[in-house]
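Peer 1: Use these hints to put chain B onto chain A, whose structure you have.
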Amino acid sequence: MSVEKTLPGPAPVPDPAAGRAAVAGYFGGIRDVVVLEMKQRLRSRGWYIMLGIWFVVIALVTALTWAGWNASMEVRNSMPVPDGMPEPDGPGSAIFEVVLAFVLLFALLVAPALSANAVNGDRAGGTLAILQITLLTPGQILWGKFCAAWLAAIAFLAASAPFLIFAVLLGGLTPGHVLVSLVMLAVEVAVICGIGVGISALAGRPLFSIVVTYLTVAALVVGSLIAFALGVQLTQGTVMANQPQYKGMEYGSGTMPGPGEPTYTCAGPLVEQDVLRTERVAWLLALNPYVVVADAIPYPERTVTPYYYSGGMIENISQGARAAIAGPEGTYPCANGQVQPQYLKQGTPLWPLGLVLQIGLGGLLLRLGWRSLRTPARRLALGTRIA
Amino acid sequence: MSVAEIPETTRAPLASGVSAVGVSRRFGSVHAVEHMDFDAPAGRVTALIGPNGAGKTTLLLMLASLLQPDSGEITVDGLDPARDSAAVRRRLGWMPDTLGVWESLTAREILVQMARFYRLPRSGIEARVAELLALVRLEDLADQPARVLSKGQQQRLSLARALVHDPSVLLLDEPAAGLDPGSRVELRTLLRNLAAAGKSVVVSSHVLSELDEIADGAVFVNQGRTVKQQTIEEAAQQGRRYAITALDPAALAAKLTELGLEFQAGSGRRPSVSLMLSHDDGAAALLRDLVTAGIAVVSFGPASGALEETYMSLETERK
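Residue numbers (this note's numbering), protein chains in the order written: chain A, 1263 to 1649; chain B, 598 to 916.
The hints are simulated quantities; they were obtained by calculation from the structure and are not laboratory data. It is possible that part of the hints are untrue.
[Said to hold, decoys possible] When the alpha-carbon atoms are kept at most 20 Å apart in a straight line, the in silico EDC-like pairs for lysine to aspartate or glutamate are as follows:
{"no.": "1", "chain 1": "B", "residue 1": "748", "chain 2": "B", "residue 2": "723"}
{"no.": "2", "chain 1": "A", "residue 1": "1301", "chain 2": "B", "residue 2": "878"}
{"no.": "3", "chain 1": "A", "residue 1": "1301", "chain 2": "B", "residue 2": "700"}
{"no.": "4", "chain 1": "A", "residue 1": "1301", "chain 2": "B", "residue 2": "723"}
{"no.": "5", "chain 1": "B", "residue 1": "852", "chain 2": "B", "residue 2": "886"}
{"no.": "6", "chain 1": "B", "residue 1": "748", "chain 2": "B", "residue 2": "700"}
{"no.": "7", "chain 1": "B", "residue 1": "825", "chain 2": "B", "residue 2": "706"}
{"no.": "8", "chain 1": "B", "residue 1": "825", "chain 2": "B", "residue 2": "700"}
{"no.": "9", "chain 1": "B", "residue 1": "825", "chain 2": "B", "residue 2": "809"}
{"no.": "10", "chain 1": "B", "residue 1": "852", "chain 2": "B", "residue 2": "878"}
{"no.": "11", "chain 1": "A", "residue 1": "1301", "chain 2": "B", "residue 2": "706"}
Pulled out of the complex, with its shape left as it was, chain A reads as follows:
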């Protein structure tokens, strides 16, 4: 054995134990940075104040939504119920959607504040070089800062979890909804934290990087919708379709079609129809955190026709986004002479694409940030001193 090792030739097989030790050392370094960051965060009073305000605001939103739902139920119960009208969902679904939307909104607002000065704040305080001079690698510093920012943001999500669970207890939802939505919120917050930490490593001044991170969040939330709306105008195209023949249109004739079942048949010659080929720009919608979260959450089971039911907000966002990515081939009535699936039957999800794009953006910024943390440094950001 020892003879073989001394022979010249291919590189010896790396010792698996040494490899494990190296990996453990790498993660140990990240953990040490996280410990350092968390100690500092947990000792700042501002963090607790923010957490307290967050809790109170979400409690208020939950209470108001519940009160609002109760009030609307009273009005509804005082009127005669039409035949075939489904029993409304419990208040859980409505509260869940409103609370989820608010939690996501606040998470998108809080995450940049927690992450976007992680690196250049240290640079300004003269403590970044103290880390760089040690055995820590740029990757360990960056991942440590990212994990610390993310953990701090997760604490905010944890503070809002009671209200989401409250919504489930009020009925209409499964614990799976809460789990999926919390996981998706955590992923979205991670994306924003990654963007924030990456930008903070690239930008010289904390104020600048925080503003840029907020603008990036705004671009993802609002800009993606505007870009989609504008982009869709440029996607004029055609599709071959024939004429739909709607059935069951006369009141009381025969059976109503079940939910999601086609309400028409296709007949006649295929004719070229002008349509918007939305699938070409649907990826812009996938950049939107709301779309990704809404699309990833499963809908409650429906047993009645959508004729009576206007779906919840989450459901509508999700189906709208899925219809956009399906394009006219999958949504235009009788495109290519095919009966198209109805509402709630668009099966192709958008959220995996959204996660890939968003994580790609965060990963790219982290990668660029990592380059700026390498030492010995070749280039410095303008106007920065390294120490």
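Peer 2: Coordinates of chain B only, in the frame set by chain A:
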């Protein structure tokens, strides 16, 4: 087995100190350091002296492996910081000129964190930290948040932080700034002890009289260039300015003229004269001559430190 046959990895690099040969670094159009040479051998305290903006901090950042020189070579105990960065960092202790502390952590926690970052064995960290706290006299404040420490105390904490992994090369940027006289004396003793233990100690400072006592050698830099590199002995031998005051300045002037010495009226508050003397023997002889001639000498001593003399002469050359 000859040396050449020993694999690279098993040959322990000698503790040869830190050196830079022809390093340059520019920031945009500003040439912070231009073709600078610097050598700080092990076992000695080397002073890095120069006016503000001379490139001292930039040079120290490059020596500390934080900044890549545009050209030139840097070696730390014979190792290249760009290639063997982990090995170099195990050997380097760096105390920056800007006071960066994690304000909400206590002094003890800061040192423990640093020990972790240097991957010191966990079992030894507590004892090592206690030892360092005693060394810089911060035991009483060890469990206070660092933000309550005074500037001088933070400076001492910063020194302890640079020493946590027992480095063989110590780079100190203005270590005496903000220290009270007592702490300065302690710093001097500490640095002499570290050098005696075989470490290479680099000190940048403006307080030249301080460096006379600490440093074995000095490197003078100005406008990004190495202007002069000399040992303290060389500095002392190049002659030094002495200031003399007497009860009767006229008699003193007459005697000095008689001895054929060039002198000038001093700039101090008391009427004094100052003159260049090439070495200490000459000074002793002159004092004896003056006293035996009956001149009532009140004070007789070096007007400046040896390094200050070099520094001021370089300043004059520049003008």
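Peer 1: Looking at the structure, which of the earlier hints fail to hold?
Peer 2: 1, 2, 7, 8
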